[in-house]
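There are 2 protein chains.
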Amino acid sequence: MSSEQALTTRAADFSAWYNEVVMRAELADYSPVRGCMVIRPRGYRIWELMQRALDDMFKAAGHENAYFPLFIPQSFLAKEAAHVAGFAPQTAVVTHGGGKELEEPLVVRPTSETIIYAMFAKWIQSYRDLPVLLNQWVNIVRWEMRTRLFLRTTEFLWQEGHTAHATAEEAETEARLILGIYRRFAEEWMAMPVITGIKTDSEKFAGAVRTYAIEALMQDNRALQAGTSHHLGQNFARAFEVRYQTMAGDMEYVWSTSWGVSTRLIGGLVMTHSDDRGLVCPPRLAPLHVVIVPIWKSDTDRQGVLEAAQRALQALADAGISAQVDDRDAVKPGAKYYHWEARGVPVRLEIGPRDVAQGQAVLARRAGGKSTVPLTGLPAAVREAMDQIQAALLEAARERREANSVRQVRGKRELIDLMNGSAGLVYAGYCGDAACETAVKEETKATIRVLPDEEFRSSPAPATCVWCGRPAVTEAVWAKAY
Amino acid sequence: MSSEQALTTRAADFSAWYNEVVMRAELADYSPVRGCMVIRPRGYRIWELMQRALDDMFKAAGHENAYFPLFIPQSFLAKEAAHVAGFAPQTAVVTHGGGKELEEPLVVRPTSETIIYAMFAKWIQSYRDLPVLLNQWVNIVRWEMRTRLFLRTTEFLWQEGHTAHATAEEAETEARLILGIYRRFAEEWMAMPVITGIKTDSEKFAGAVRTYAIEALMQDNRALQAGTSHHLGQNFARAFEVRYQTMAGDMEYVWSTSWGVSTRLIGGLVMTHSDDRGLVCPPRLAPLHVVIVPIWKSDTDRQGVLEAAQRALQALADAGISAQVDDRDAVKPGAKYYHWEARGVPVRLEIGPRDVAQGQAVLARRAGGKSTVPLTGLPAAVREAMDQIQAALLEAARERREANSVRQVRGKRELIDLMNGSAGLVYAGYCGDAACETAVKEETKATIRVLPDEEFRSSPAPATCVWCGRPAVTEAVWAKAY
Numbered sequence: 001m002s003s004e005q006a007l008t009t010r011a012a013d014f015s016a017w018y019n020e021v022v023m024r025a026e027l028a029d030y031s032p033v034r035g036c037m038v039i040r041p042r043g044y045r046i047w048e049l050m051q052r053a054l055d056d057m058f059k060a061a062g063h064e065n066a067y068f069p070l071f072i073p074q075s076f077l078a079k080e081a082a083h084v085a086g087f088a089p090q091t092a093v094v095t096h097g098g099g100k101e102l103e104e105p106l107v108v109r110p111t112s113e114t115i116i117y118a119m120f121a122k123w124i125q126s127y128r129d130l131p132v133l134l135n136q137w138v139n140i141v142r143w144e145m146r147t148r149l150f151l152r153t154t155e156f157l158w159q160e161g162h163t164a165h166a167t168a169e170e171a172e173t174e175a176r177l178i179l180g181i182y183r184r185f186a187e188e189w190m191a192m193p194v195i196t197g198i199k200t201d202s203e204k205f206a207g208a209v210r211t212y213a214i215e216a217l218m219q220d221n222r223a224l225q226a227g228t229s230h231h232l233g234q235n236f237a238r239a240f241e242v243r244y245q246t247m248a249g250d251m252e253y254v255w256s257t258s259w260g261v262s263t264r265l266i267g268g269l270v271m272t273h274s275d276d277r278g279l280v281c282p283p284r285l286a287p288l289h290v291v292i293v294p295i296w297k298s299d300t301d302r303q304g305v306l307e308a309a310q311r312a313l314q315a316l317a318d319a320g321i322s323a324q325v326d327d328r329d330a331v332k333p334g335a336k337y338y339h340w341e342a343r344g345v346p347v348r349l350e351i352g353p354r355d356v357a358q359g360q361a362v363l364a365r366r367a368g369g370k371s372t373v374p375l376t377g378l379p380a381a382v383r384e385a386m387d388q389i390q391a392a393l394l395e396a397a398r399e400r401r402e403a404n405s406v407r408q409v410r411g412k413r414e415l416i417d418l419m420n421g422s423a424g425l426v427y428a429g430y431c432g433d434a435a436c437e438t439a440v441k442e443e444t445k446a447t448i449r450v451l452p453d454e455e456f457r458s459s460p461a462p463a464t465c466v467w468c469g470r471p472a473v474t475e476a477v478w479a480k481a482y
Numbered sequence: 001m002s003s004e005q006a007l008t009t010r011a012a013d014f015s016a017w018y019n020e021v022v023m024r025a026e027l028a029d030y031s032p033v034r035g036c037m038v039i040r041p042r043g044y045r046i047w048e049l050m051q052r053a054l055d056d057m058f059k060a061a062g063h064e065n066a067y068f069p070l071f072i073p074q075s076f077l078a079k080e081a082a083h084v085a086g087f088a089p090q091t092a093v094v095t096h097g098g099g100k101e102l103e104e105p106l107v108v109r110p111t112s113e114t115i116i117y118a119m120f121a122k123w124i125q126s127y128r129d130l131p132v133l134l135n136q137w138v139n140i141v142r143w144e145m146r147t148r149l150f151l152r153t154t155e156f157l158w159q160e161g162h163t164a165h166a167t168a169e170e171a172e173t174e175a176r177l178i179l180g181i182y183r184r185f186a187e188e189w190m191a192m193p194v195i196t197g198i199k200t201d202s203e204k205f206a207g208a209v210r211t212y213a214i215e216a217l218m219q220d221n222r223a224l225q226a227g228t229s230h231h232l233g234q235n236f237a238r239a240f241e242v243r244y245q246t247m248a249g250d251m252e253y254v255w256s257t258s259w260g261v262s263t264r265l266i267g268g269l270v271m272t273h274s275d276d277r278g279l280v281c282p283p284r285l286a287p288l289h290v291v292i293v294p295i296w297k298s299d300t301d302r303q304g305v306l307e308a309a310q311r312a313l314q315a316l317a318d319a320g321i322s323a324q325v326d327d328r329d330a331v332k333p334g335a336k337y338y339h340w341e342a343r344g345v346p347v348r349l350e351i352g353p354r355d356v357a358q359g360q361a362v363l364a365r366r367a368g369g370k371s372t373v374p375l376t377g378l379p380a381a382v383r384e385a386m387d388q389i390q391a392a393l394l395e396a397a398r399e400r401r402e403a404n405s406v407r408q409v410r411g412k413r414e415l416i417d418l419m420n421g422s423a424g425l426v427y428a429g430y431c432g433d434a435a436c437e438t439a440v441k442e443e444t445k446a447t448i449r450v451l452p453d454e455e456f457r458s459s460p461a462p463a464t465c466v467w468c469g470r471p472a473v474t475e476a477v478w479a480k481a482y
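Heads up: the protein sequence lines correspond to chains R and F, in order.
Quick note: the first sequence uses this note's numbering, first residue 1, plus one each step.
Quick note: the second sequence uses this note's numbering, first residue 1, plus one each step.
Isolated chain R (complex conformation) (with noise of 0.2 Å):
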């Protein structure tokens, strides 16, 4: 793909569209391990941006991080039914080591449950022990058929919180307090709104007892679960005997709770606000904040315009906004907007010589129109255009979302419709009975993204199952799925 051809557009093939994006703006490419791709230095600044914004969080409310093994014996993970039935099958595994075959073969973690229960046994004795709240950074493998860049890969990047409490009480007000911080980071930081609930039992972690999610929608009204935050109860617990003392002298299993998000985000992201002209990115989470594209004609001219831009990037770099002078001799100043465009940079400023005569730039918004700024206090001017950018872009979402999401949804026949067209969240009425919620999966391709928070349900509340037509005991958001 060269850097000149015009990407896919999003009408046209939206799959193609989002490869197009990922692979010219840099932020990842294929490699030639089967289902894993490469972050690239774009990409990756993203992920640090996030970890960074995220950790500060968790920190915030009392986590510490820690790293656990990345093999976990395969007897382990047998050790809680639900989990090993979810994850056995998607598995890597390692049969041999410094050239002879394992005794016993190691599964590369799927997620660490396993592994850091067996722990929690040895670190956890008393009330006193309790609560223990860790996270990790760390790579995992799942085994996909079918993979996507950021979307699903074999291998991917995350985090996962690991919770031990004394309380169920205190273990769901955990997953609940870390289901707030994920919506929190979406919405503040990645511009992406979500909706928060819990998920059916069909679509739950494999071992826990409850699910919490935050979904968003994408610009092809497709659904992405973005984080989810499981409440565990003491299935992990009985598992691997991790027992503590209370304060009366009994032995209780702990209650837990584990959580994460992953790399997936950055897919997010860029479904979310993106273009056809590529990469969309919301200024807290920018690599690059700003690019200077200095315009001159003649001789006379370059030296006064590249003066002004060097002064410009040391203003910004001097407040702290990253900035890059694109000062390319051989490339015009169109080719070099273009450039940068695709690249998601949110603001470009350009300077010609009327502009250094008369002490301004041009400030472009990558998503938004153009003003012009004096060159004195640049640094307030771009600080403000990119809290605009980024409030305008939550903003664009949001109304984006409810444009496409309906409500109210009465029978079957309306749910097909709206699934067979162009819905995007369909709430509705449900019985409760997973046979309802198969059959509109079969019919439909749609799932229950989650059984929505009080927030966001409808008013007036629908009084039956929108398949069945059977009284409804709470309501559904359906959508067809990444």
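Just to be clear, a hint being listed does not mean it is correct.
One copy or any two copies: either way a pair holds, since identical chains are not told apart in the list.
No farther apart than 20 Å at their CA atoms in a straight line, the calculated lysine to aspartate or glutamate pairs in the EDC-like style are these [to be verified]:
1) Lys59 to Glu48
2) Lys370 to Glu350
3) Lys59 to Asp201
4) Lys412 to Glu170
5) Lys59 to Asp318
6) Lys480 to Asp417
7) Lys336 to Asp129
8) Lys480 to Glu455
9) Lys370 to Asp326
10) Lys370 to Asp276
11) Lys336 to Glu307
12) Lys122 to Glu26
13) Lys336 to Glu350
14) Lys79 to Glu252
15) Lys122 to Asp29
16) Lys122 to Glu20
17) Lys59 to Glu26
18) Lys445 to Glu414
19) Lys480 to Glu414
20) Lys100 to Glu144
Derived from the structure by calculation, the hints contain no laboratory data.
Chain R is fixed; fit chain F onto it per the hints.
Then chain F, alone, in the frame of chain R:
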């Protein structure tokens, strides 16, 4: 191991002492997975601080982070002859994925040159694409027979830099630049003095033209290789066909480097500074800077002392100094001192009723003496104490190393006696013949740690090889090593 018991002393059993220090300080723990450890929050926090410092230095020198796959097709490893000979015997091999046997087994990365050069071949076409300056922070697996917490484990964490350049000179400059960064980090952050130099062929990286290293001397007089930086020449470029078009239009192989430091550094930190009471941690890498111990006998004193402790905590936190109040009721001050000393907290503040009345606290250094400091201006006093401690630890370690270094060793007999005795670093002439190196190793278990850089060389330069008596072509530093 109860936390009441005294540690094994260094003099009695250095190896047992080391393990006990690591476990008591809660830096790491043994895992149920053979050869793999768990890095606990206090240990991982040291690693995070190390990462932040190194990453800042790498980025300031123009490097970017990326992420390459964990798995490497077995055939890739074989493309560079020396490389496969060095690493194949140590690999963990994935033979099954998603329930099926793989057509080609995948190796869990023992280092990432091969997978990275496969990508370089795709990304690098022209001199305009150079230099490529990448780094990644990842987990690594090398099957080890004998493992030690942090020092040698089957899985470990590290950073690996990989760079490609247009000329041999640029690659050489890069390898040297990184060696300088490693040295600066070891000395300024870890307070661990190192000598720098070149490895002999027998000790160099499998696939390198030249390996540079930083070497430190531990308290048991064994040397620790703490970081390596390799000039790879065109070896990997040839193996993976990484060529670029020069300005003149010719096709040339790139010149490249790779370099890494790992969680082994934490072991080096422990063995450089700790004492028979437990961990001593340099303030710049301490997970917790200050523990505040309030001291009271009567209930009337209790409240005033605890309030003063909280005010002190707040003042320190506001100044960016991490602190914690140990207000446990059931534990006596002496036991608290002991507890926090074992965990290496650099500064302890003791606040009793008389101190509150006099507006002061007793500041006790983990390594060093006590002094009285005013409660107003506490952050400045603590910061000054931490700076002193940081400098004193480096100075003490340097003095210890020099006191245990022997120069101008003249002959075989003296070298054998030194190595059978308690010598640390032995500087002596070397003829450059690998046969002498091998003979010394067989006779004494000592190896050439480095051919030292100029600033570390003896004056006058040794004239003859310490082993064979032929003319010396260089000076070498011999030691028993981890």
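So which hints don't hold here, by number, going up?
3, 4, 8
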